[in-house]
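K.L.:
Guided by the hints, dock chain B onto chain A, whose structure is given.
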Amino acid sequence: MSQVQIERGTRASRIFSMAAVIALLGLVALPWWGGPGDMRLAAEMAYYLALAMLWNLLAGYAGLVSVGQQAFIGLGAYAFFYLTSSLGVHVYGAMALAGPFAGLISIPVAFVVFRLRGHYFAIGTWVVAEIFALGASLIEELGAGSGMSLTPAIVRQVSSSRDGRETLEYWMSLGICTIIFAVVYIILRSRQGLALTAIRDSEPASGSLGVNVFRTKLFIYVATATCTGLVGSLIFLQKLRLSPEAGFSVNDWTVVVIFMVVVGGIGTIEGPIIGMLIYILLRELFADFGSLYLILMGVIAVAIMLKAPGGVWGLISERYNLHLFPISRRLMRDETAAARDKSEASDK
Amino acid sequence: MAALLEIDQMSKTYGALLAVDALTLSVEEGEALAIIGPNGAGKSTMFNLVTGDVRPNGGHVHFQGSDITGLAPHLRSRLGIGRSYQIPHPFTNMSVYENLLVGANFGGRMAEQDAYQYCAEVLHITGLSDKANVMARSLTLLQRKRLELARALATRPKLLLLDEIAGGLTEHECNALVETIRAIHAGGTTIIWIEHIVHALLSIASRLVVMNFGRKIADGDPHTVMNDAEVREVYMGIPAA
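The listed protein sequences correspond, in order, to chains A and B. Note that the working numbering has the first sequence beginning at 1, numbered continuously upward. Note that the working numbering has the second sequence beginning at 1001, numbered continuously upward.
If you're looking for bench data, these hints aren't it; they were derived computationally from the structure. Take these hints with a grain of salt, some might be off.
Stated by the list, open to error - Now the in silico label distances, taken between C-beta atoms and shown as ranges:
1. R319(A) with Q1064(B): 48 to 56 Å
2. S1203(B) with R115(A): 41 to 49 Å
3. N1175(B) with M305(A): 24 to 32 Å
The structure displayed is predicted, hence computed values, not measured ones. All residues carry an ideal CB built from backbone N, CA and C; glycine is no exception.
If we strip away everything but chain A, and leave its shape as in the complex, we get (with noise of 0.2 Å):
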């Protein structure tokens, strides 16, 4: 019998893919075409998009549907400061083990917030995330309440001038964000996205074929955990002070990504990134008009999710049925079995 042949890239992904990373170059270019002002608004993007991506992931496609991701951006950041600050570890190496150090304390979380589901589970990891922040400014050697700053010295690990500093920073955004972008498309193309697109449609349905649930999500978990924790300790190697209401901030570390992947469209690989052009752009736009512009974030989202729960993305790809970065297999029809079908047809 002849193979056959699956199919799992369309023409519209192939142009886009092209286009994708010409822009990318485009954007490592930018420190010779662009002002330090458009470099810290794109280093923000490119975490901001980190963050949606990997709650996506989370919430999108494990149904894990976590207000508490703050947590892993606290634990990131302070380890980063600890580590550099207390114990004299390089900036570099720091940062390779905040994510790490994030990952490891997401496991026992697990265990204890993957006993609780749908709203409860939110609010589980909401707790876990407070406690966290609680206990940050209960600890002396992390500065209590007050927090702590990056010394001179340390920062100039990164580079001794100030611009070649903030070129690196945003180097260091753009990379990250690119790898994880990466890592979660790569996730979702493999066997491993299979059984995470299966858990997200049916649990029941999922475990009765064979995938094992709980390890799937705790796998999915511990990874957000410490893709987040990196990226902790990136935003907070640019903003150089950290304390217990910046680190495990909800507002900012979960909220702002929760409408970026709603608006955008959840549970798609395009929807985070659309999410986060559109906060951005309306950040931009009408952050001089105060709690207004508040309100009328708030009124974006409901409409949304009232009138489009597949987000904006949601409403694009179903009009011109367009998959940027597919993850589906289509089967295609081989020549054999269409001869082999006729056939039987005829002898009926």
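P.N.:
Chain B alone, transformed into the frame defined by chain A:
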């Protein structure tokens, strides 16, 4: 020869309700066992006990001679127990073909390339070939029922549990589905089939079990069982003479 499946004194209660009451049942390899009984007789609960979707309050279940009472559902699937759900649970945002790939990759423990090939064959057997790349959410009821069957088959089950897979289908659709199931059984798969459509069941079953109030009230040759006085009373409402 040891039985393929042995249910030994299994019970399941939901609060005060005794859904399955010390049920004992054994199924030989290659059998096609039909189960009938009124609504609430504990038929689906019995399936859930075998697949591990529900934990028993007492008793044991053995598969191929080993005790699987404490195993998680995904491990039972990998051992060779496949099932269809009474209410189809398709993976709505995946294509029909991808729905099958989940079963073959995980329950069937196949390498990815082998799974591609095998699932294409299962689509052919179950009459879903032309729906391969269609999203499961857009399927009709009959197609969803076929998908339940195809997806379970993709795990290469030794024992296939069918829960009212013909329910809600037209006469014609039902006959077509019966022919598919007959072919699967002829291929060597042991089948336990719960259904209310008795004539469909009896065209395949070699043995018939009747359940009521969580208990087995009859077990044996289909025609003998159907003429049993208690069965006629419970199931068809014909008072015993």
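K.L.:
Compare the structure with each hint and give your call.
P.N.:
These are the hints, each one checked on the structure:
1. R319(A) with Q1064(B): 48 to 56 Å: About 51 Å separates the Cβ atoms of R319(A) and Q1064(B), which means 48 to 56 Å holds.
2. S1203(B) with R115(A): 41 to 49 Å: 47 Å, holds
3. N1175(B) with M305(A): 24 to 32 Å: Violated: the Cβ-Cβ distance is about 45 Å, outside 24 to 32 Å.
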